[in-house]
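J.: According to this note's numbering, the residues represented by the sequence shown are 1 to 413, in order.
Treat the hints as calculated values from the structure; they're not laboratory data.
These numbers come from a predicted model, not from an experiment.
Honestly, I wouldn't trust all of these hints.
In silico lysine to aspartate or glutamate, EDC-like type, Cα no more than 20 Å apart, as pairs [unchecked claim]:
| id | residue 1 | residue 2 |
| --- | --- | --- |
| 1 | Lys203 | Glu37 |
| 2 | Lys144 | Asp119 |
| 3 | Lys156 | Glu273 |
| 4 | Lys204 | Asp237 |
| 5 | Lys156 | Glu37 |
| 6 | Lys113 | Asp83 |
| 7 | Lys203 | Asp306 |
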Amino acid sequence: MRAQHTALSDRDESAREPEASEDGAWERANFFLSADEVSPDEHPSLTNFSAAWMYDAMIRPLDPEQLEFVAIDMDPGSLEMRDQIGVWNAAWEAGQFRRRLFAEEELPQQMAKVADLGDLNVMFVPRSESRYFEYAPLYHLLPKAVLDKFKLPLLKRASWPHMGELGRADRLLPGDFAQRLAKAWAWVVWPHLDSGSRPSAYKKTDSIRLLAHNLDFWVPPVTTAVQEMLQCYPEVDKGRSTGPVRLENGEFLEGAVVGNPRAGGLVWMGEAEAAEMVALMVDTADRTGRLRDVLAAVRAHRVEEDFSSDWSYAREDFERQLYRKRNKVQVRFIELTDTIPVQGPESEIVGKLVTSDFLALLDAKQRQIIILLSSGYRQHEVAEVLGYANHSPIAKRLAQIRQQAAAFFDLDW
């Protein structure tokens with residue numbers, strides 16, 4: 001069951017590498033899109049080339065292993081290397097049994113070393129500083145408006161898996177491509193992680209913000225989602241019925257079947273389908289990596305330092321819970337002199353006690369903190385007014401005040 005394919009070097013003249021004099025222009029024309037070539041109905045998009053162009057039959061593992069990517073050094077001028085990477089990657093359905101489709105002498109040395117390690121589900125991509133080839137499925141989910149916002153270029157439609165084209169991405173992409181892509185991707189996926197607050201509501205060190213920017217976290221779920229979609233494509237009739245895989249020694253390959261290769265085609269096209277794919281990918285991350293459990297755990301253990309100074313519903317909910325604003329009995333205070341507590345018109349009766357009386361139990365600094373907080377100041381602003389370097393002393397004093405209030409009003413805090 002050997003690969004049946006035509007080497008790139010045997011194709012017509014249109015597939016040749018450009019001469020040095022036309023090299024840069026040729027690469028850019030085959031890599032970038034102009035703004036007038038982009039429409040929301042057609043961009044972004046990703047496609048798949050059917051393995052039926054190369055294989056008459058396809059092995060399928062009954063329990064596929066998680067796909068991993070192996071970056072290898074690749075001479076952009078090596079047509080043989082590009083051809084073999086394309087043929088290897090096209091057999092994505094074969095999973096960890098892919099190496100069994102090749103004879104040892106067919107593979108270049110770098111690929112052969114990996115194949116010799118045994119049945120591993122790997123794909124090969126060119127090694128690059130930008131890591132564009134690993135991140136391509138994520139990149140080609142971004143609409144034009146997001147690319148523009150983060151100053152990322154418009155690229156022509158990519159194929160999944162990588163088929164050996166575009167081997168010189170680092171020469172064409174900005175030097176900080178990965179950093180820009182991380183920010184752009186976080187912008188797109190964030191509404192699925194926290195629909196109530198913008199990323200700016202949290203500090204850059206917040207766990208969910210870091211997760212949103214972590215491209216390596218999102219590559220496995222998008223890869224799984226793409227494969228699951230392609231597995232719904234029909235088979236190409238090559239005259240093969242599904243059955244066991246017979247090896248050259250007459251034995252059968254355990255844990256696998258053989259059948260016709262599947263058809264290829266568009267995986268998604270246009271902004272609407274790309275948005276649906278992002279949602280599907282988030283569901284996949286939850287199913288395979290318990291994403292929502294991770295998010296719930298992070299939210300349950302938030303501390304005040306996780307929030308930025310920007311107002312947000314999340315911060316308000318956190319502070320409401322922290323300061324017990326939802327308690328059925330609300331304790332309110334009025335401004336008093338340093339010596340004599342007085343009852344004012346806004347004092348509130350709780351049982352037979354007047355809240356202003358409680359302030360008499362506090363020292364001058366504690367009363368100042370209560371008055372400032374009730375006037376709308378936040379902890380860090382109170383700290384600045386009172387001359388503290390940070391809000392830690394304020395938090396400690398508030399803890400003492402809460403204990404005194406609980407005892408005074410006989411409240412269960």
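J.: Are any of the numbered hints broken by this structure? If so, which, sorted upward?
T.: 1, 2, 4
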